[in-house]
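When you get a sec, could you build the whole thing from the sequences and use the hints?
Taken in sequence, the protein lines are chains A and B.
Letter 106 of the first sequence, counting from 1, is numbered 106 in my numbering, and no numbers are missing.
Letter 39 of the second sequence, counting from 1, is numbered 39 in my numbering, and no numbers are missing.
Simulated from the structure, these hints should not be mistaken for lab results.
Incorrect hints may have been included.
Stated by the list, open to error - Listed below are the simulated BS3-like cross-link pairs for lysine-lysine, each with C-alpha atoms no more than 27 Å apart in a straight line:
{"id": "1", "chain 1": "B", "residue 1": "LYS5", "chain 2": "B", "residue 2": "LYS107"}
{"id": "2", "chain 1": "A", "residue 1": "LYS38", "chain 2": "B", "residue 2": "LYS71"}
{"id": "3", "chain 1": "B", "residue 1": "LYS68", "chain 2": "A", "residue 2": "LYS44"}
{"id": "4", "chain 1": "B", "residue 1": "LYS54", "chain 2": "B", "residue 2": "LYS68"}
{"id": "5", "chain 1": "B", "residue 1": "LYS56", "chain 2": "B", "residue 2": "LYS68"}
{"id": "6", "chain 1": "B", "residue 1": "LYS71", "chain 2": "B", "residue 2": "LYS54"}
{"id": "7", "chain 1": "B", "residue 1": "LYS107", "chain 2": "A", "residue 2": "LYS44"}
{"id": "8", "chain 1": "A", "residue 1": "LYS38", "chain 2": "A", "residue 2": "LYS17"}
{"id": "9", "chain 1": "B", "residue 1": "LYS56", "chain 2": "B", "residue 2": "LYS5"}
{"id": "10", "chain 1": "A", "residue 1": "LYS38", "chain 2": "B", "residue 2": "LYS107"}
{"id": "11", "chain 1": "B", "residue 1": "LYS107", "chain 2": "B", "residue 2": "LYS68"}
{"id": "12", "chain 1": "B", "residue 1": "LYS54", "chain 2": "B", "residue 2": "LYS107"}
{"id": "13", "chain 1": "B", "residue 1": "LYS54", "chain 2": "B", "residue 2": "LYS5"}
{"id": "14", "chain 1": "B", "residue 1": "LYS56", "chain 2": "B", "residue 2": "LYS71"}
{"id": "15", "chain 1": "B", "residue 1": "LYS71", "chain 2": "B", "residue 2": "LYS5"}
{"id": "16", "chain 1": "B", "residue 1": "LYS68", "chain 2": "B", "residue 2": "LYS5"}
{"id": "17", "chain 1": "B", "residue 1": "LYS5", "chain 2": "A", "residue 2": "LYS44"}
{"id": "18", "chain 1": "B", "residue 1": "LYS71", "chain 2": "B", "residue 2": "LYS107"}
{"id": "19", "chain 1": "B", "residue 1": "LYS71", "chain 2": "A", "residue 2": "LYS44"}
{"id": "20", "chain 1": "B", "residue 1": "LYS5", "chain 2": "A", "residue 2": "LYS38"}
{"id": "21", "chain 1": "B", "residue 1": "LYS107", "chain 2": "B", "residue 2": "LYS56"}
Claimed, not checked - Counterexamples of contact, computed for chain A against chain B with all Cβ distances above 10 Å:
{"id": "22", "residue": "PHE15"}
{"id": "23", "residue": "GLY16"}
{"id": "24", "residue": "LYS17"}
{"id": "25", "residue": "LEU21"}
{"id": "26", "residue": "SER22"}
{"id": "27", "residue": "THR26"}
{"id": "28", "residue": "LEU27"}
{"id": "29", "residue": "ASN28"}
{"id": "30", "residue": "LYS52"}
{"id": "31", "residue": "ASN63"}
{"id": "32", "residue": "PHE64"}
{"id": "33", "residue": "ASN70"}
{"id": "34", "residue": "PHE75"}
{"id": "35", "residue": "LEU83"}
{"id": "36", "residue": "ASP85"}
{"id": "37", "residue": "ALA86"}
What the hints assert, rightly or not - Sample of chain B residues at the chain A side, in silico, Cβ under 10 Å:
{"id": "38", "residue": "GLN2"}
{"id": "39", "residue": "GLN6"}
{"id": "40", "residue": "TYR32"}
Every residue, glycine too, gets a C-beta built ideally from N, C-alpha and C.
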Amino acid sequence: DAMVIQNPRYQVTQFGKPVTLSCSQTLNHNVMYWYQQKSSQAPKLLFHYYDKDFNNEADTPDNFQSRRPNTSFCFLDIRSPGLGDAAMYLCATSNIWDTQYFGPGTRLTVL
Amino acid sequence: DQQVKQNSPSLSVQEGRISILNCDYTNSMFDYFLWYKKYPAEGPTFLISISSIKDKNEDGRFTVFLNKSAKHLSLHIVPSQPGDSAVYFCAASARSGGGADGLTFGKGTHLIIQP
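This is the structure in structure tokens:
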């Protein structure tokens, strides 16, 4: 089945210790997105890739970076996680202007 | 500044009755609207969408209504079933801006279907 896969599903890291979250897709979509969702809040777009073109939201902290080495994979790097970065991180994919399909998310805990 | 608002954090409806979930938006550039359904420990699943050139879109038990002048949309589920119990997110985008665009989400409404 075509899908969006996120690994790991649960990630625990220490304050200030870099962490990388992974997203892969078998849908061959040209756009990949990362959203952050804190408890009882709306998912918030961090950035997206349209093919290799990176688009950062204006209010995304510099602490968050992303890489897309190929069509299928996209990574979210948090360089120095703070307690406020604990959240669910959702990856989504779409063809341009088409419906976005979401992965199951990675729950990040920062100790 | 919340551009997409779902003012009811939760809604309880009896099985077989109609569920109506509401959503308001403030950004007049939004021209495409979607509803997603989310079960615990899963990602949001696309349910139904509507373009601003329409005022209604129907798919089986699900109908979305759009009132552009009021900047309001609603999702109707008829009849409601136990499997509909989930969190429902309203989302919007401004497609006419060109390029790929992310979605702006509301905070969600937790729908509980009572037997």
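How the hints compare with the structure:
1. B:LYS5 x B:LYS107: holds (7 Å)
2. A:LYS38 x B:LYS71: Measuring from Cα to Cα gives roughly 26 Å; hence the hint holds.
3. B:LYS68 x A:LYS44: With a Cα-Cα distance of about 24 Å, the restraint between LYS68 (chain B) and LYS44 (chain A) holds, given a limit of 27 Å.
4. B:LYS54 x B:LYS68: Satisfied, since the Cα-Cα distance of roughly 9 Å is no more than 27 Å.
5. B:LYS56 x B:LYS68: holds (11 Å)
6. B:LYS71 x B:LYS54: Answer holds: LYS71 (chain B) to LYS54 (chain B) is near 13 Å, not above 27 Å.
7. B:LYS107 x A:LYS44: Cα-Cα ~10 Å, so holds.
8. A:LYS38 x A:LYS17: holds (20 Å)
9. B:LYS56 x B:LYS5: Measuring from Cα to Cα gives roughly 20 Å; hence the hint holds.
10. A:LYS38 x B:LYS107: Since the Cα atoms of LYS38 (chain A) and LYS107 (chain B) sit roughly 10 Å apart, the hinted pair holds (cutoff 27 Å).
11. B:LYS107 x B:LYS68: holds (21 Å)
12. B:LYS54 x B:LYS107: holds (24 Å)
13. B:LYS54 x B:LYS5: holds (21 Å)
14. B:LYS56 x B:LYS71: holds (14 Å)
15. B:LYS71 x B:LYS5: holds (11 Å)
16. B:LYS68 x B:LYS5: holds (15 Å)
17. B:LYS5 x A:LYS44: OK: LYS5 (chain B) and LYS44 (chain A) at ~13 Å, within 27 Å.
18. B:LYS71 x B:LYS107: holds (17 Å)
19. B:LYS71 x A:LYS44: holds (21 Å)
20. B:LYS5 x A:LYS38: holds (16 Å)
21. B:LYS107 x B:LYS56: The given pair, whose Cα atoms are some 23 Å apart, holds under the 27 Å limit.
22. PHE15: holds (25 Å)
23. GLY16: holds (28 Å)
24. LYS17: holds (25 Å)
25. LEU21: holds (13 Å)
26. SER22: SER22 (chain A) is indeed farther than 10 Å from all Cβ atoms of chain B, at 14 Å.
27. THR26: THR26 (chain A) clear of chain B: closest Cβ-Cβ about 15 Å, beyond 10 Å.
28. LEU27: LEU27 (chain A) is indeed farther than 10 Å from all Cβ atoms of chain B, at 12 Å.
29. ASN28: Label holds. Min Cβ-Cβ 15 Å, cutoff 10 Å.
30. LYS52: Its Cβ never comes within 10 Å of chain B, the nearest being 12 Å, so this holds.
31. ASN63: holds (19 Å)
32. PHE64: Check passes; 14 Å lies beyond 10 Å.
33. ASN70: Since the minimum Cβ distance to chain B is about 17 Å, ASN70 (chain A) lies beyond 10 Å and the statement holds.
34. PHE75: At about 17 Å from chain B, PHE75 (chain A) clears the 10 Å cut-off, so the statement holds.
35. LEU83: holds (22 Å)
36. ASP85: holds (19 Å)
37. ALA86: holds (17 Å)
38. GLN2: Check passed: Cβ of GLN2 (chain B) comes within 7 Å of chain A, closer than 10 Å.
39. GLN6: With a closest approach of 8 Å, the GLN6 (chain B) hint holds.
40. TYR32: holds (8 Å)
When the structure is compared with the earlier hints, no violation turns up for any of them.
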